[in-house]
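Engineer: Residues per chain are reported as follows:
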Amino acid sequence: MVSTERMLHLADLSKLHFNEAELERLKKDLSDIIELMDEVQNFNGNPNRNETVRSFAQQRPDTAGDSFPREEILKNAKGRTETFFSVPKVVE
Amino acid sequence: MMEYWKRSISELHALLAEGTLSARALTEYFLERIGRLDTQYGAYITVCTEEALAAADRADGMLKAGKGTLLTGIPLAVKDNISTEGIRTTCASKMLADYVPPYDATVIRLLKEQGAVLLGKTNMDEFAMGGASQTSYFGGVKNPWDPTRVPGGSSGGSAAAVAAGLCVAALGSDTGGSIRQPSAFCGVTGIKPTYGAVSRYGLIAFASSLDQIGVLAKSAADCETVLAAIALPDENDGSMLPQALQLPGEARPLSGMTVGVPAEFMGEGTAQEVKDAVEDGLSAFTHMGARVKPVSLPGLRFAVSAYYLISSAEASSNLARYDGVKFGYRSRKGDTYDELIKNTRSEGFGTEVKRRILLGNYALCSGFYDAYYGRASRIRDQLKAEYAGLFTHCDLLITPTAPTAAYTIGAQEDDPVRMYLADVCTVTANLAGLPALNTICGYTAQGLPVGMSLVGRPGDDGLLLNCAKAFEAVFPRREALA
Amino acid sequence: MSYIPVIGLEIHAELSTHSKVFCTCGAQFGGQENTRCCPRCAGLPGTLPVVNKGVVEYAVRAGLALGCRINLLSSFDRKNYFYPDLPKAYQITQMERPICTDGLVEVEGGPVRINRIHIEEDAGKLIHDDMEGVSLADYNRCGVPLIEIVTEPDIKTAEQAKNLVEEIARRLKYAGVCDAKMEEGSLRCDVNISIMPQGAKEYGTRAEIKNLNSLKSIGRAINYEIKRQSALLDAGKPVIQQTRRYNDNHDRTTALRSKEEAHDYRYFPEPDILPVQLSEEEVRRIADGMPEMPASRIQRYETRYGLSHADALLLTSERPLADFYEAAVACHPNYQSVAAFMVGELLRRLNDRGLAPEEIPFTPVQFAQLVKLSDGGQVARNDAKALLNLLFDAPGDPQELAESRGYLINTDPQALAAAVDGVLKENPKAVAEYRQGSAKVFGFLMGQAVKKIGRGADPKAVKTLLEQKLKEVDG
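Protein chains in written order, with the working numbering: chain Y, 1 to 92; chain L, 1001 to 1482; chain W, 2001 to 2475.
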């Protein structure tokens, strides 16, 4: 069973918050899901790492292109000035 | 009255090319159908009437100038997690309900170059997380075969649109079966290409190492036509295969091919009527001269768990950017940055999405990484090795696409574990990066379609499509609507 | 009690490529806010990173410059955390398999091992508006390529730390990968410092110091920390592991409200980027294509050009200076003379004028020509120095400049003879006095001769000829 402490920690990492009822519900859901996930603990194989790589030669050449017009970048933001994204202050 | 919605792409192309039918008329035809029928199914989130008609007019221009291709003037639908410039792209989430991308996904650009017509954006599970298309912020999708049943997910809108004749073909995305399973539930053909064959640039990411854009259509032939247009190398996606797929694939007769059937997929977890239908399908392959034999994929035991650990981990990271700062929903509450983003995310995401994010962080967090994400990655390598082993003596593999046919809406909602387990037939193809295609191999006693999946080596998409074409030529397919 | 400081540095250097590390936006410094962005670096949904080949090459150069092993296979990872200057809410970096490891830099105070160099993307900039209670984000800097250079904790003193940063900056500039300006932020340094009692087997608890904007701050912050930590240990109190910020004005460090434990970065391999595979051949080619490093140049200056070690060090202290010297001697291969003039005259003037070597207003060729004029005796040494001053204000052809100012020594022997003869003829009384033994009158005759020749008189030549002619008249 996933502990409340762990749930709160996960919620913080996920930047989500829950009321008590939601938290209890999710605790149960997550515990059930983790039980299924724990099947992987029975895996003892040691296969070779199978990864595709890309050669240095195939990487993108260092050429600069045009940037997007500022308005296109900002237009979907709900909090903004004319030219900046705006967020409430960050508490250090 | 020509029932255009029943026609294949090549048939429609012939009519358009000879001038019997204009692209505009064809687009109007589909827009009318959508307007009349889609309230029953909820397949579309956004219908792009103006843009579609404008594209149709441009297509008519191309055709008149003799520059038309197979897809010119063909009306298509696109899953709403694929970015379309100037047209809202919501991922069926409150979080992106009014997000308008400033750029087109590569696949959209390629289809536009062909002169295809984009009818609209289809409904789906929120952020592509789900197998029933019921978690959408805009309301669930209903199966055209039986509107009390789910169409499957997460590309349920695309599947329903094809099945109900609300488009000629559709783009979907598949991370753990999200094209194949709804194709099976909706009685259509769907293909998830080899990982890296189709550019993901513009696909709003769920799980980067598993996601692929693919095609749903009424036939394998139509799937191939659309796939050929989008499976091209793209410098915007650094995870792509170095070479384009060979489409059509090398023509090989089915006789002389070996089809492997991994026994683990045909066990207790799969409904009898599904197994029966798949056996019928296998008989057809035998009839056509293929050699069908049982094989084993022991790693299947760990597949669902590994899939959920990896996909949730990647999703938790991919979805971290949704915080109300740059785009999308922004909560009205929040005096500090931390409060704002927590409120935005808590208000903007649905429950399943939150579950996956929590699970993902669980799998990655300090002290847990090795046991969960690390292990899952090794399981993945193991599956790749097991598949590679099978493909040394099989040309392709056949499995059921889903353990059951389409089930009633609401039947599995409260049981995430049960929903996850239902993905067992499809997730391994994503984990191993293999091409996988769903075609219909039978119908249940209640008349619901049953799908079987053809799975091939990386790059063998053409082979699968050829086999499916041969199979579909001898298998009489039914329509969802009369 | 006296303690041994144990210091390691984390240095971030902005690479001077044309485009950003994962997109094609320009990577230059500055620009109006949010005008150097695209959907990729702004973190818009659906976008994907694509690695810039130039960044990999520059990172390899940096590794070679710092004596590192180049890892032929390296890969990228995601570092996940939320902050308004990080649009994707993760930074793409290299954790598991960095591009370089195991380097070494020798500086005064001792050699310092380099643990790793890895590639990562920079974050944007935040402006805090306390009046409105908001922070404003500018994403221009998002995606600018960085390398992070992490040293082993081999550093023992503030001086050694400063020397190391200076040397790394120098080599990065030499390698042509970074302009290494701390004041502009293209080179940033964090310090990790702990202290341990003499003879102790284990390291003490360390503090991380951020916000160091200059070499001076680095030195002062380290010395402050040594004092602070020593005082704690002397009083029997523990040093707390924390991040501290250096305050320039008050010359001390203060603790940031510690959020260290909250930062679980949940690193995992970046799925959108395939691992990068280099070949030995490619690394060799990168090495061959690199500008020559200081150590090699110093050796060449000493053995082939015969310069002193001290002069060689001075001339290679900065790459633009060394490049200037080499271009000058390519034009006028009097290595030692050019070096002497640079070391003796040019460097001082740069200092006085507060100019950096890359800001020298005249060309190396012009400089070389000046030295050549002096070496050839066409311009007197003092006049050459005056010419140098003029070149700063009005760069141009030194020959023309010398001519216009009359600095050119008239070496024409006939003109010289005519002038001297003339003087002797016009001043018979003085000549007679000289013959009678008045040495003083020689000076008068010299003055007349020099006056007659005008500017460009070479006093030595005049004296020689005058003496000679006076003897002749005698005899």
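If you are wondering where the hints come from, they were derived from the structure by calculation, not from laboratory data.
Each hint should be verified, as a subset may be incorrect.
Stated by the list, open to error - No farther apart than 27 Å at their CA atoms in a straight line, the calculated lysine-lysine pairs in the BS3-like style are these:
id, chain 1, residue 1, chain 2, residue 2
1, W, LYS2201, W, LYS2216
2, Y, LYS78, W, LYS2451
3, L, LYS1293, Y, LYS27
4, Y, LYS89, W, LYS2156
5, W, LYS2156, W, LYS2201
6, L, LYS1333, Y, LYS89
7, W, LYS2125, W, LYS2156
8, Y, LYS89, L, LYS1064
9, W, LYS2079, Y, LYS89
Note that the structure is predicted; figures quoted are calculated from it, not measured.
Engineer: Any of the earlier hints contradicted here, and which numbers?
Structural biologist: 1, 2, 3, 4, 7, 8
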